[in-house]
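**Q** Spelled out from the first residue to the last, the chains are:
2 protein chains.
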Amino acid sequence: MNALEAGAGERPRFERLSRSAGARRGRLTTSHGEVSTPAFMPVATAASVKSLTPRQVEELGAEIILSNTYHLMLRPGADVVAALGGLHRFMSWGKPVATDSGGFQVASLSAMRRVSDEGVLFRSHLDGSLHSLSPERAVEIQEKLGSDVAMVLDECLLYPSDRTDARTAAFRSLDWARRSKRVRSRPDQALFGIVQGGAFEDLRRENARALVELDFDGYGVGGLALGEPKELMRAMTALSTAELPEDRPRYLMGVGTPVDILESVALGIDMFDCVLPTRNARNGTLFTSAGKIAIKNARFAGDERPLDPECRCYTCSSFSRAYLRHLFVAREMTASTLNTIHNLHFYLDLMKRIRLAIEEDRFAAFVAASKERFDDSAA
Amino acid sequence: MNALEAGAGERPRFERLSRSAGARRGRLTTSHGEVSTPAFMPVATAASVKSLTPRQVEELGAEIILSNTYHLMLRPGADVVAALGGLHRFMSWGKPVATDSGGFQVASLSAMRRVSDEGVLFRSHLDGSLHSLSPERAVEIQEKLGSDVAMVLDECLLYPSDRTDARTAAFRSLDWARRSKRVRSRPDQALFGIVQGGAFEDLRRENARALVELDFDGYGVGGLALGEPKELMRAMTALSTAELPEDRPRYLMGVGTPVDILESVALGIDMFDCVLPTRNARNGTLFTSAGKIAIKNARFAGDERPLDPECRCYTCSSFSRAYLRHLFVAREMTASTLNTIHNLHFYLDLMKRIRLAIEEDRFAAFVAASKERFDDSAA
Chain A
1332 MNALEAGAGE RPRFERLSRS AGARRGRLTT SHGEVSTPAF MPVATAASVK
1382 SLTPRQVEEL GAEIILSNTY HLMLRPGADV VAALGGLHRF MSWGKPVATD
1432 SGGFQVASLS AMRRVSDEGV LFRSHLDGSL HSLSPERAVE IQEKLGSDVA
1482 MVLDECLLYP SDRTDARTAA FRSLDWARRS KRVRSRPDQA LFGIVQGGAF
1532 EDLRRENARA LVELDFDGYG VGGLALGEPK ELMRAMTALS TAELPEDRPR
1582 YLMGVGTPVD ILESVALGID MFDCVLPTRN ARNGTLFTSA GKIAIKNARF
1632 AGDERPLDPE CRCYTCSSFS RAYLRHLFVA REMTASTLNT IHNLHFYLDL
1682 MKRIRLAIEE DRFAAFVAAS KERFDDSAA
Chain B
1332 MNALEAGAGE RPRFERLSRS AGARRGRLTT SHGEVSTPAF MPVATAASVK
1382 SLTPRQVEEL GAEIILSNTY HLMLRPGADV VAALGGLHRF MSWGKPVATD
1432 SGGFQVASLS AMRRVSDEGV LFRSHLDGSL HSLSPERAVE IQEKLGSDVA
1482 MVLDECLLYP SDRTDARTAA FRSLDWARRS KRVRSRPDQA LFGIVQGGAF
1532 EDLRRENARA LVELDFDGYG VGGLALGEPK ELMRAMTALS TAELPEDRPR
1582 YLMGVGTPVD ILESVALGID MFDCVLPTRN ARNGTLFTSA GKIAIKNARF
1632 AGDERPLDPE CRCYTCSSFS RAYLRHLFVA REMTASTLNT IHNLHFYLDL
1682 MKRIRLAIEE DRFAAFVAAS KERFDDSAA
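Residue numbers (the working numbering), protein chains in the order written: chain A, 1332 to 1710; chain B, 1332 to 1710.
Worth flagging that the hints you see were computed from the coordinates, not collected in a lab.
All residues carry an ideal CB built from backbone N, CA and C; glycine is no exception.
Among the hints, a few may not be true.
[Unchecked claim] Only pairs whose alpha carbons sit at most 25 Å apart, straight line, appear in this in silico PhoX-like list of lysine-lysine:
1. Lys1627/A x Lys1381/B
2. Lys1627/B x Lys1381/A
3. Lys1381/B x Lys1381/A
[Unchecked claim] So the derived list for chain A, only partly shown, Cβ under 10 Å to chain B, looks like this:
4. Lys1381
5. Leu1383
6. Thr1384
7. Ala1414
8. Leu1545
9. Leu1557
10. Arg1656
11. Val1660
12. Leu1669
Please model the complete structure; the sequences and the hints are all you need to start from.
**A** Dropping the structure here:
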């Protein structure tokens, strides 16, 4: 039985291997393989990392990817994916997959949403059709997709939200988490609760504690990276992880820039996902060891140097900045592919270096040195 | 010195290895490697085979690609490519490259063109800027690009054209061919003349004979596959190749469908280029051993079979029709990539089987059996 056929494996388990400062080095073992943490999950929204083949994603060394329940339930539908053998087989990706619950996409993408204690009613951004999602349904869909890590449905408020709304959403999300845990049935899938509570310290702390009592396989920290100040995001992350058990993985959802990742690892986060490297790639914004580059800039028209002389990805090993600019300006699809290969390599390489720095117990120094080199302000 | 650095190699040479019926099995040897003929050249219009990386093109087994002088002279410019080490290095493609002269694109793409005996004045389809191309300039540009096979500038008439225009264009193209040969200077580049003469037998025959007297390294058959009836295209191809020397490669420009290729090989053609496999791929039309498939068709929504069960490409080895349909419907860029991999594999595999059939002297039977399977009418 190969990894794509694994269906009835054991529940994913997490081991903490070492620490350095507040950072944790760990390993998530699933029936589709191991994930070294801290880990970055490239986003495969609609069961595809945009502009790459699964083989290219694997060659980049990604150990886990994230797909979106919201997108897949609308198209092609969870039943279609299930009938085709689940998400791994559907997209020919043999390594671990995480799925979010759709809570955030319903809040940010749907044409209309109405939230009640029962669940959420929304209109598809694709065709305006009416759909509902409940905590039970979100678990059912993710079990059909067959991801290795599933997330409970949460009510995700956009920033800023007032205290009353944040409190209502946090309590509702907690109740949904409880209901999610009750109906889960798949033995090979981890289910993560999600800490909510907006930007309110006491709500978030209280929410995290109650969630931990429910004893999830891991914990997401949600409702952040939505436009709030960075200091606030750090503070909310810190007080969330402070409440979470040491022996479970923590996943900061939708984060972030290289500096966000460095600082969040320092706060005890183990898993990340973000569209930044892939979306920026398609927009021609490229991460390098000396800061970001907008490849369309005319000054690169004759520049024969690789994007990042320190980088060993296929793009940097093979092409000049001039060629990459040419492809981007000519709107060649291959521009997106080569740029995505580079940006994902940058992120995955950063994670590798983070893990090594933790292993060698020099993480604080690594963060300080790295932050100087990255220039998030030019984002 | 690796292949990308080869600059002062020997002139490409052609050997005919065997024949079967009218078909020729041959080998074109260039300073960037050998090309087994009959060969299909994937089109890399703007120095990129759309939606693929050069590595993917190489993994598909392509031995030569075709780039466009018209596109590259406008963007990024021949001097830019030359300063970056030529086309091979620019696009990180170490194998042979052919370039057309721009004659056809000026006729079909430019916003305005004015042809005189001197050359052609035209406006760019990109920004309306004014450019000129002469036979001398077309050679100069292609020498700067550093292609292994260059084509003389021709005046390409769209079909139908009247006899007077066809005659004028054929004589002018012949004169341009003479001027091209006079100014060529690059020792490692083959220069091909192009047979013109529209749909007029005597003009084409006369043009071919005069061209052969000029003694080119190879010969293009031009001005076909422009909407004329297939029988006419076959007839014009046949009487062109009948005039061409046995020891030089013949290249049928812009052709064609799988059946076109089979029938043209039977008429003694050695080289082809066509956007059909790559453009069709992006439009979701896929070649299979049982005819063409429009992958967006709803009947594929739950179809777990590979595109073509007989095909061994990455796409067919890894993905279901349902997944490919999903990617296409969701407008994921990866749809273009996976579809292009399949369609190019189909073409390149067809060429491989054609070559084997010639070697084993069973080409006529191979054509008959293959034509039954391909359904060009559904194009």
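**Q** Against the structure shown, which of the earlier numbered hints fail to hold, in ascending order?
**A** 8 and 9
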